[in-house]
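Chains as they are written, first to last, in my numbering: chain A, 79 to 958; chain B, 79 to 958.
Worth flagging that the hints you see were computed from the coordinates, not collected in a lab. Please note: incorrect hints may appear among the correct ones.
Repeated chains share a single entry, so a pair holds when one copy, or any two copies, can fit it.
No farther apart than 27 Å at their CA atoms in a straight line, the calculated lysine-lysine pairs in the DSSO-like style are these [stated by the list, open to error]: (1) K875 with K733; (2) K715 with K733; (3) K693 with K809; (4) K402 with K425; (5) K565 with K576; (6) K616 with K693.
Number of protein chains: 2
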Amino acid sequence: MQTKNKKRIYYFSKELTEGNKSMRELLGGKGANLAEMTSIGLPVPPGFTITTATCAEYHEDGEKLPAGLLNSVHKNMSRLEKESGKCFGSSQNPLLVSVRSGAAASMPGMMDTVLNLGLNDLSVEGLASMTGNERFALDAYRRLINMFGDVVMGIDHHYFEAAFDKIKKRYKVSRDTELNIQGLRELVTAYKQIYKTHTRKNFPQDPYKQLQLAIEAVFRSWNIPRAITYRRINEIQGLIGTAVNVQSMVFGNMGDDSGTGVAFTRDPSTGKNEFYGEFLINAQGEDVVAGIRTPSPVKEMKKWRPDIHQQLLKVKKILESHYKDMQDIEFTIERGNLFMLQTRVGKRTGPAAVKIAVDMVKEKSITQKTALLRVPANDLNQLLLPSFDPKAKRRVLTVGLPASPGAASGYPVFTADEAVVRAENGENVILVRRETSPEDVHGMHVASGILTSTGGSTSHAAVVARGWGKCCVAGAGELVIDAKRKKIQINGTTITGKDIISIDGTSGELMLGDVAKCPPNFSKEFKTLMNWADKKRKLLIRTNADSPEDAKVARDFGAEGIGLCRTEHMFFGDQRIVAMRQMILADNEQDRRLALKKILPYQRKDFEGIFTAMKELPVTIRLLDPPLHEFLPQDQKTQKQLARSLKVPVEKIIKRVSQLHEVNPMLGHRGCRLSITYPEILEMQVRAITEATINCRRKRINAFPEIMIPLVGIVNELAVLRSLVEQTIAKVKSKKKYNGKLDIPIGTMIEIPRAALTAEQVAAYADFFSFGTNDLTQMTFGYSRDDIGTFIPEYLKENILEKNPFQSMDSAGVGQLVEMAVNKGRKIKSKLKCGICGEHGGDPESIAFFQSVQLNYVSCSPFRIPVARLAAAQAVLLEQ
Amino acid sequence: MQTKNKKRIYYFSKELTEGNKSMRELLGGKGANLAEMTSIGLPVPPGFTITTATCAEYHEDGEKLPAGLLNSVHKNMSRLEKESGKCFGSSQNPLLVSVRSGAAASMPGMMDTVLNLGLNDLSVEGLASMTGNERFALDAYRRLINMFGDVVMGIDHHYFEAAFDKIKKRYKVSRDTELNIQGLRELVTAYKQIYKTHTRKNFPQDPYKQLQLAIEAVFRSWNIPRAITYRRINEIQGLIGTAVNVQSMVFGNMGDDSGTGVAFTRDPSTGKNEFYGEFLINAQGEDVVAGIRTPSPVKEMKKWRPDIHQQLLKVKKILESHYKDMQDIEFTIERGNLFMLQTRVGKRTGPAAVKIAVDMVKEKSITQKTALLRVPANDLNQLLLPSFDPKAKRRVLTVGLPASPGAASGYPVFTADEAVVRAENGENVILVRRETSPEDVHGMHVASGILTSTGGSTSHAAVVARGWGKCCVAGAGELVIDAKRKKIQINGTTITGKDIISIDGTSGELMLGDVAKCPPNFSKEFKTLMNWADKKRKLLIRTNADSPEDAKVARDFGAEGIGLCRTEHMFFGDQRIVAMRQMILADNEQDRRLALKKILPYQRKDFEGIFTAMKELPVTIRLLDPPLHEFLPQDQKTQKQLARSLKVPVEKIIKRVSQLHEVNPMLGHRGCRLSITYPEILEMQVRAITEATINCRRKRINAFPEIMIPLVGIVNELAVLRSLVEQTIAKVKSKKKYNGKLDIPIGTMIEIPRAALTAEQVAAYADFFSFGTNDLTQMTFGYSRDDIGTFIPEYLKENILEKNPFQSMDSAGVGQLVEMAVNKGRKIKSKLKCGICGEHGGDPESIAFFQSVQLNYVSCSPFRIPVARLAAAQAVLLEQ
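Given these sequences and hints, build the entire structure.
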């Protein structure tokens with residue numbers, strides 16, 4: 079229970095400012111920054127913030143405003159009236175306020191806003207006479223009823239839109255602004271009727287009633303599904319609620335000396351140090367964000383009002399030097415006066431994050447450490463996104479705004495739901511919308527790229543896409559989208575859902591067909607940041623690679639060896655799979671050995687290729703892991719073909735397939751269990767590795783293989799197999815008359831809980847441990863990755879699981895086993911090399927854990943290597 | 079490496095005895111006891127024992143006798159020659175010796191023996207003149223060649239037998255002993271020829287060569303497959319090898335004043351304190367053990383040689399008072415002189431073990447503690463074996479010897495391999511053999527009972543069967559077994575492999591048909607022992623029971639509550655399964671609730687029944703655990719029937735079955751995961767439990783349910799579900815207007831590694847922990863119980879696993895998690911009740927572990943309860 083004396087409201091104005099930027103948890107980001115901007119002398123309309131704790135109280139009490147809150151609201155409103163000399167609800171000089179949500183973490187477009195509160199049938203006349211602009215006053219009123227009806231009372235927006243369209247038709251005007259006063263009066267009446275029809279109440283004339291309902295609506299919006307979804311997708315946790323900002327209205331739509339805009343202090347796409355943004359003359363702020371009208375670039379403001387442009391550049395300087403980071407601001411110009419409505423740290427693409435961080439170090443604004451910590455490691459992925467091949471032919475259909483960089487191709491889809499369905503079918507899709515809204519986020523999330531026909535680079539689509547590093551082209555105004563018929567018309571060309579299109583988020587181009595892409599080209603800032611990271615990090619970064627090609631890519635990304643070279647893929651391919659199948663179908667060891675002999679030269683050649691690509695660096699080779707049934711055809715047709723080609727009765731194949739069938743293959747006859755029952759497979763693989771090593775060394779290619787035995791759960795498995803590996807190596811050396819040292823380390827994967835629990839036994843026979851956290855997660859949780867779809871979504875939704883443990887390692891359970899195994903292992907062998915080769919090796923949060931338990935290396939897929947390098951450095955910096 | 083000075087041979091005779099009974103590890107059981115018997119003045123033919131360590135050396139050196147061993151053998155043989163006044167290999171007064179194996183653990187019939195060593199073409203004449211019995215000397219020689227050829231050189235016994243038969247035919251005699259001297263000479267020649275044909279060498283005339291080869295053969299026999307199999311089946315571990323006993327020969331076949339026998343100091347079947355055994359006049363010891371001739375009961379010796387009978391009774395007394403346990407002895411009478419050839423602790427049936435232990439306490443020979451520790455807890459199972467219903471009609475075909483008690487019915491099988499095949503098919507089989515041999519053990523192991531036509535109650539079949547508590551009727555001489563045609567003829571009745579027969583191991587009867595059985599009747603000694611055990615043990619013993627019937631049986635066995643009441647069986651049964659399937663096929667929660675409502679009354683009634691049977695005692699009910707697909711038919715025919723009866727399209731059923739299909743169902747959507755996604759199932763079950771409790775209490779039946787939530791891996795699962803259970807209980811209480819206290823504990827199974835690892839979190843929401851060590855073993859090892867058949871046999875064979883971890887809990891891995899969870903849980907709640915309800919709850923070794931980590935109870939199947947009670951007491955005694 080909250081005490082009665084708890085301070086629930088923080089005021090901000092030139093005269094009294096109670097909050098500051100450090101109070102983000104309590105006041106939300108917007109509220110804390112409004113207070114801060116007021117303090118440092120920027121022009122901010124006065125107002126107050128109701129705390130996030132109040133929102134928590136509201137929900138704890140079963141959606142009831144805490145007692146005493148409305149009293150405090152009254153007191154603060156009175157102060158606002160006094161300072162502005164206006165009066166809330168007055169028919170003479172009405173005070174109007176906005177009510178906006180603002181949580182501690184930025185959630186663009188997710189929470190709700192109501193403007194122009196305080197207007198009613200009386201005060202609208204007061205506003206008209208005060209501003210001398212009846213048209214404006216009526217427009218403000220109809221906006222209030224619309225927003226209030228939609229946001230607070232849940233009336234679908236389209237009812238209002240339809241009424242507007244009807245009246246515009248009657249008055250024969252096409253644009254909203256063209257409607258005359260008479261039309262607006264009719265519109266207000268129509269809106270009030272819609273309100274009454276849907277709520278069975280009149281639109282509230284008591285401004286305090288409006289305020290109360292609006293505050294409650296903001297509180298409620300904290301827990302609506304789309305807000306919960308957004309928090310989950312963006313991994314926003316631990317927040318208690320949203321704050322509510324009540325602020326005096328300023329109007330950008332008071333005529334041609336008014337306007338509104340949003341801007342970034344640097345380019346959020348590229349990071350270039352240029353004031354970047356858009357504004358609309360004679361418009362309210364929501365018009366820009368919603369992307370309904372296409373705004374002008376902010377630099378064109380020089381032509382319109384050079385004084386205000388100058389003023390804004392000054393604001394940029396003040397904010398950047400105060401906040402020491404790129405800012406995302408909202409501003410309104412009311413009759414030539416600039417007002418700041420918001421500042422917050424600006425979202426940016428990965429490339430922009432890197433450039434801004436490195437530039438700010440050069441500008442001596444921040445330290446290297448701050449720079450390293452500021453770039454979200456996962457965002458580096460965006461720098462590794464392919465761009466279109468400059469040599470590829472482009473059939474450009476139109477050019478929109480380059481809203482989020484990258485290159486994407488796919489089938490156009492016209493609704494978020496369709497995007498989800500087709501993406502689940504494995505298709506690449508581009509979500510095509512006139513504009514996007516928070517209702518579309520699930521479709522945006524699965525799409526390869528986003529294309530809109532209206533809205534600018536700060537529209538919903540653009541902001542969300544950049545946050546995810548997803549390619550987006552916005553405001554492509556030439557598109558005629560027919561969502562119902564699933565068609566797009568552009569300058570005479572028709573695109574249907576069956577045509578692949580490509581979009582270039584860097585140029586804004588929309589192209590027909592699947593345009594060829596090429597690998598990314600790293601900026602010098604990226605290289606600088608990676609250099610700084612490499613100096614700080616302690617973890618080595620290896621890669622998971624099974625081919626010379628992958629090994630090469632990984633080396634270019636900075637891999638310091640291969641941590642996981644899977645050998646199973648080497649058993650596929652025309653000739654090999656035939657021999658592999660012969661081996662599996664063989665009735666005795668002799669026949670198995672004959673078949674394996676045929677595979678040997680291929681494996682040896684594969685290893686030689688990988689060793690050559692990775693020369694001088696270690697290559698950890700995992701011996702055959704999957705169950706044998708994966709190598710046999712499961713369908714009758716292929717079984718028959720196989721029978722013909724191997725000249726065996728098909729019954730034999732069917733029988734073997736059925737023998738190999740397992741109820742729970744994940745827990746079945748695989749990994750080192752295969753090597754125990756079929757030691758000849760291990761012998762062939764070790765022979766291939768050893769021969770390849772000797773062949774490479776004789777060609778002066780320094781190969782450093784490490785042999786890794788998977789799925790060990792009992793020390794004896796490793797003891798027996800280690801000895802077999804050693805014997806096989808010795809045999810090959812003697813047969814090849816190689817007298818040099820080979821020193822091939824023999825280690826094990828720790829991926830079965832029992833191996834971790836008995837690591838002090840296992841360590842005695844292991845030169846290294848490599849944690850297979852995928853399988854370890856499966857067995858520690860008792861989950862099958864193939865089957866979790868049935869309950870994990872529910873678990874995430876209900877917050878039973880904070881995260882999918884296959885994405886970010888569960889440190890409490892799986893991590894406990896990892897730490898235990900490292901400690902037990904190093905008790906026996908103090909220098910035991912420990913690494914991790916599960917998919918968590920490329921996840922920053924998991925990497926921080928691996929640093930904390932002092933692993934020697936992480937191994938991840940080639941494209942995650944820069945992420946891992948940065949994350950490893952961040953982990954060290956955060957430990958300090 | 080062994081040092082040169084290592085003592086490898088221990089001598090025993092009246093003049094010098096170097097070993098004693100405490101040296102069992104080094105000298106083997108037989109060797110240690112030969113030395114001990116010599117020391118306490120019993121008549122033992124002198125000899126010496128080569129140590130088990132020497133056997134280990136032999137195997138470590140790649141099957142090579144250690145240097146110096148043969149020298150030591152020579153020295154000891156010389157002493158033997160001196161003491162006996164005979165000479166090894168002499169043509170005048172030859173010394174003959176036996177060579178026998180003897181490991182530290184008794185392994186009857188598993189290891190090999192050679193008698194009469196020292197005979198050759200010369201010394202056989204010496205033996206003839208020394209004994210004045212040429213026939214005897216020649217018979218001894220042919221036995222040597224036969225045994226040596228078979229055991230040492232691996233020549234199949236049947237070659238010798240065929241030669242014998244041929245000569246007997248020629249001489250027109252039917253019994254071995256009827257062959258005259260001329261025939262025996264021919265037989266020796268024929269045997270030597272067989273030896274030469276198969277070994278390409280002459281039978282060795284150098285007696286020391288014979289001795290050396292025999293010693294090596296004994297050493298080798300340690301590692302032959304059947305010895306390894308025997309050790310595995312009997313869980314004999316940690317032994318390094320077998321000792322070799324070289325002992326002067328005495329002969330029971332020197333005429334009608336000679337004989338040989340084996341006996342137990344008490345009845346090994348019933349435990350009655352009566353000298354019990356058999357002897358054969360004019361025979362060698364192997365004839366009794368092998369069951370080739372049917373011997374006479376030892377009490378009949380009174381008629382033959384009352385003096386020797388008296389002497390034997392004295393020996394019984396001396397041995398029992400010396401060893402303080404029932405002994406199994408072998409003796410030989412050579413021309414009226416008694417010689418003891420072996421004593422060892424006698425194998426006995428479970429009932430005998432109980433009776434002997436309790437009797438010996440009454441006789442003040444041993445303490446209660448010794449008595450409790452002496453009865454192998456697992457053997458109590460035999461006391462719980464059913465016997466035939468005395469009221470059932472028996473069609474007795476013949477009566478054999480009651481060799482091992484119990485009642486068994488099944489199809490007759492005629493080879494061990496057939497027994498294995500049919501048993502694997504789920505059939506009960508009775509292994510029917512003329513006699514059994516060590517080659518048959520795998521078939522004996524899987525058979526329900528064993529029936530032989532020759533051999534007595536100390537024959538191979540009888541000894542092995544009693545060791546396992548398996549029903550056995552031996553020496554049913556009227557049987558005419560035609561193994562080839564799979565038929566038995568008995569007094570005109572023909573039995574084929576398709577007829578079920580029944581054997582009564584207590585009466586010796588063979589009956590046609592599947593005779594009805596009835597539950598066991600406990601002896602007063604059993605009750606005494608259980609009483610003693612109950613006073614010592616700390617663990618409570620609960621049972622796993624799903625029905626009132628099982629609950630009642632368990633209570634009679636001493637269950638102190640139900641530790642695991644599975645509810646899934648309650649969803650089957652005609653009406654319920656229909657409703658259950660309706661629920662699974664429902665598209666929405668409402669329809670699911672409708673279907674569940676139909677199941678509710680059945681579940682409530684089930685619980686009322688169980689509560690009534692278990693009144694005053696706790697009943698732990700596990701909420702629904704298996705995946706839903708287990709409730710739907712998987713075959714098309716039944717799917718079609720279901721579709722018709724539910725009036726839904728069959729496609730809907732097929733679709734749902736395929737939706738529910740999982741790649742790894744063990745790790746899938748089951749346990750509490752079901753309750754999270756379908757809370758209505760949990761609500762129905764908790765409602766049924768609560769209503770049943772209230773109904774019972776109102777009828778003054780004190781019901782104490784405990785609600786157990788399965789498969790928890792994340793504390794939030796338990797937190798959410800606990801709260802739902804509490805709410806549901808509260809709702810039912812209020813609806814039923816019940817104001818009494820219910821206090822239903824809500825706990826969780828710990829069966830997922832992560833639950834154990836995070837037990838301090840889980841404990842906060844759990845009133846108790848119940849370890850599900852079956853699933854915990856599956857996940858800790860990464861094994862699927864359904865699939866381990868492919869590699870576990872190999873693992874056990876190769877000693878990679880010492881035991882099947884599903885039979886005896888793996889303390890190093892799984893046990894570590896159990897201990898961790900108990901400690902972490904009790905850190906939060908010092909009195910947290912902890913129990914175990916996996917199948918390990920009835921395994922004595924696992925129970926010792928559970929005692930050591932201070933669980934409160936174990937829960938096992940009803941028939942394991944006495945075993946658990948005794949094992950729990952033994953665990954406490956062994957801790958002291």
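Violated hints, by number in ascending order, as checked against the structure: Violated hints: none; all satisfied.
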